[in-house]
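Chemist: For reference, the chains in residue letters:
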Amino acid sequence: MLEPAVKVEELVKHYPTAVAVDGISFVVRRGVTAALLGGNGAGKTTTLSILLGLLLPTAGRVRVLGEDMLRHRYRVLPRINFSSPFVDLPHRLTVRQNLSIYARLYGLPRRRERIERLAEDLQIEGFLERPAGKLSAGQKTRVALAKALLNEPELLLLDEPTASLDPDTGDWVRGYLESYRARTGATILMASHNMAEVERLCSDVMMMKAGRIVDHGSPEALIDRYGRTNLEEVFLHIARGSQAVLEPVA
Amino acid sequence: MNRSGAPAARVWAMLLRYLYLLRSSWPRTVELMYWPTLQMLVWGFMSQFLYVNTNYVFRAFGVLLAAVMLWDVLFRGQLGLSISFLEEMWARNLGHLFVTPLRPYEWVLSLLSMSMIRVLLGIVPAALLAIPLYHYSIFAMGLPLVGFFAVLLIMGWALGMAICGLILRQGMGAEGLAWTVVFTLSPISAVYYPVSILPGWLQHIAWALPSTYVFEGMRAVLFTGIFRADYLLTAAALDVLYVTLGAFAFLFAFRDARRRGALLQMGE
Chain A
0 MLEPAVKVEE LVKHYPTAVA VDGISFVVRR GVTAALLGGN GAGKTTTLSI LLGLLLPTAG
60 RVRVLGEDML RHRYRVLPRI NFSSPFVDLP HRLTVRQNLS IYARLYGLPR RRERIERLAE
120 DLQIEGFLER PAGKLSAGQK TRVALAKALL NEPELLLLDE PTASLDPDTG DWVRGYLESY
180 RARTGATILM ASHNMAEVER LCSDVMMMKA GRIVDHGSPE ALIDRYGRTN LEEVFLHIAR
240 GSQAVLEPVA
Chain B
0 MNRSGAPAAR VWAMLLRYLY LLRSSWPRTV ELMYWPTLQM LVWGFMSQFL YVNTNYVFRA
60 FGVLLAAVML WDVLFRGQLG LSISFLEEMW ARNLGHLFVT PLRPYEWVLS LLSMSMIRVL
120 LGIVPAALLA IPLYHYSIFA MGLPLVGFFA VLLIMGWALG MAICGLILRQ GMGAEGLAWT
180 VVFTLSPISA VYYPVSILPG WLQHIAWALP STYVFEGMRA VLFTGIFRAD YLLTAAALDV
240 LYVTLGAFAF LFAFRDARRR GALLQMGE
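First to last, the protein sequences are chains A and B.
Numbering of the first sequence is given in numbering that gives the first Met the number 0, commencing with residue 0 and proceeding in unit increments.
Numbering of the second sequence is given in numbering that gives the first Met the number 0, commencing with residue 0 and proceeding in unit increments.
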């Protein structure tokens, strides 16, 4: 039987002046879309960075696609990818040049065909020859997504995938992610503040606060457990609570 | 679909990334040639003046010109590496690069390759221009020139890696080091005068630098026609030491950046 896509045990990340992640454990099953949900400073991005190998944890174990990420990350990295509106692609290179560089870094064969196909899928053909720095926010998001899908990742990690997008473009991106997961069977793990997005896309949600996972479950289960009408109300209840681990509303 | 490819392919990918950048901005390419050419013009005319006025230059007309051009190999070697490194910082691109199968050493190899390309683009036009202008060809130095070039380039790489490590450690506030540090070595490398001019205590420091052996060796070739293989071998041995230290400093700083979470945050 296949191991989960992600298995995190007792993960801790201390900085000299702060505890970013405080002993969290969770599992993300293969083929699902899951979310780390929490306010600013909850530890979502720190957790994603550790899963990507960009950040070394203070303690804990991380297995990604059945491999120990801390010891064998170069076995895992070709099989995963990442997109974030907060990490840019080089501005002066054209979109095609950027995608070509990343395709080479992943050792992809038939790079031109792969780029052309992704460009068509993500509707970026019109600006393949334009410098990446001259794109609108929506165009940049689609190009970043193209970069993230170049190697057809088994695990796609997304940090705020629709931040700063207008509702129409945000909806289009969410639709594309749903179709990608359905088509490839990939696992998606996202960090998000956008409750509607998480409700629509995710079957598993980890609610984070102050570096800890304070609750988890499906969006429906969380809404029921807290007696709320939507995930945003659950989020606000948890975010505004004074206890690290909160009791559901009676 | 999932594969990681060969290290050489990833090094080539990164090299291509910097070549695209160079190609995208003609002023950058012109600038590469501008400073070495300007230096050569200034020192060339100065050499012409001193040629009829001093015994030192009389002994070999090209000594100052050769020194200027070889100094630029060291300077451009270091700067070429540091600039390509800084391109990633300015672009805030490390977060994307290091979630690919790219290893830090592969990145370093691409930076070294780009540094060599930048040095050649800068120095060769200036050296060729000196031939019609002053009837002086640095290439007349023959095979020793290859050794001098290699030693200075590798010393530039060692310095460049150490500076990049410092920038990774200290953040973009240390960016200015990329342009300034190498100049502190100029007075003690005995670029334009013999090392014996320096105070005794400074000579000990000077002889710890590979560059000093190159410039002394260059003067030996130009003044006496004797190639000092002992100088070149000592310089090469020092290069091995410094490039190892530079590589360790860079890789240590890279690992430290992973520990501190700086790879995602590094930028302007």
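Derived by calculation from the structure, the hints in this document are not laboratory data.
Mixed in with the good hints, there may be bad ones.
Distance ranges between label pairs, derived from CB positions [what the hints assert, rightly or not]:
#1 A/ARG199 to B/LEU119: 51 to 59 Å
#2 A/GLY30 to B/TYR33: 34 to 42 Å
#3 B/TRP178 to A/ASP120: 38 to 46 Å
#4 B/ARG254 to A/PHE85: 43 to 51 Å
#5 A/ARG74 to B/LEU119: 51 to 59 Å
#6 B/LEU244 to A/ASP67: 49 to 57 Å
Negatives, chain B to chain A, calculated, CB over 10 Å [stated by the list, open to error]:
#7 LEU20
#8 SER23
#9 THR99
Short, incomplete list of chain B residues facing chain A, as computed with Cβ under 7 Å [said to hold, decoys possible]:
#10 ALA12
#11 LEU14
#12 ARG168
#13 GLN169
Yeah, the Cβ is synthetic: ideal placement off N, Cα and C, and Gly gets one too.
Chemist: Against each hint, give a clear statement of whether it holds in the structure.
Modeler: Consistency of the hints with the structure:
1. Roughly 55 Å separates the CB atoms of A/ARG199 and B/LEU119, a value that falls within the hinted 51 to 59 Å.
2. Evaluation of the 34 to 42 Å hint for A/GLY30 and B/TYR33 yields a failure: the beta carbon distance comes to about 57 Å.
3. For the pair B/TRP178 and A/ASP120, the beta carbons lie near 44 Å from each other, so the given range of 38 to 46 Å is met.
4. Taking the beta carbon of each, B/ARG254 and A/PHE85 are about 23 Å apart, not inside 43 to 51 Å as hinted.
5. A C-beta distance of roughly 38 Å is found between A/ARG74 and B/LEU119, which places it outside the suggested range of 51 to 59 Å.
6. Checked against the given bound of 49 to 57 Å, the beta carbons of B/LEU244 and A/ASP67, roughly 31 Å apart, lie outside it.
7. With a cut of 10 Å on Cβ distances, B/LEU20 falls inside the contact zone with chain A, its closest approach being about 6 Å.
8. At roughly 5 Å, the least C-beta separation between B/SER23 and chain A is not larger than 10 Å, which violates its mark as non-interface.
9. Not every CB of chain A is more than 10 Å from the CB of B/THR99 (nearest about 4 Å), against its label as outside the interface.
10. With a cut of 7 Å, the hint placing B/ALA12 at the interface with chain A holds, because the nearest CB-to-CB distance is about 3 Å.
11. The restraint placing B/LEU14 at the interface with chain A is violated, with a minimum CB-CB distance near 10 Å, outside the 7 Å limit.
12. Below 7 Å, beta-carbon pairs count as interface contacts, and B/ARG168 has none with chain A, the closest being about 14 Å; its hint is therefore violated.
13. The restraint placing B/GLN169 at the interface with chain A is violated, with a minimum CB-CB distance near 16 Å, outside the 7 Å limit.
Comparing the model with each numbered hint stated earlier shows that hints 2, 4, 5, 6, 7, 8, 9, 11, 12 and 13 do not hold.
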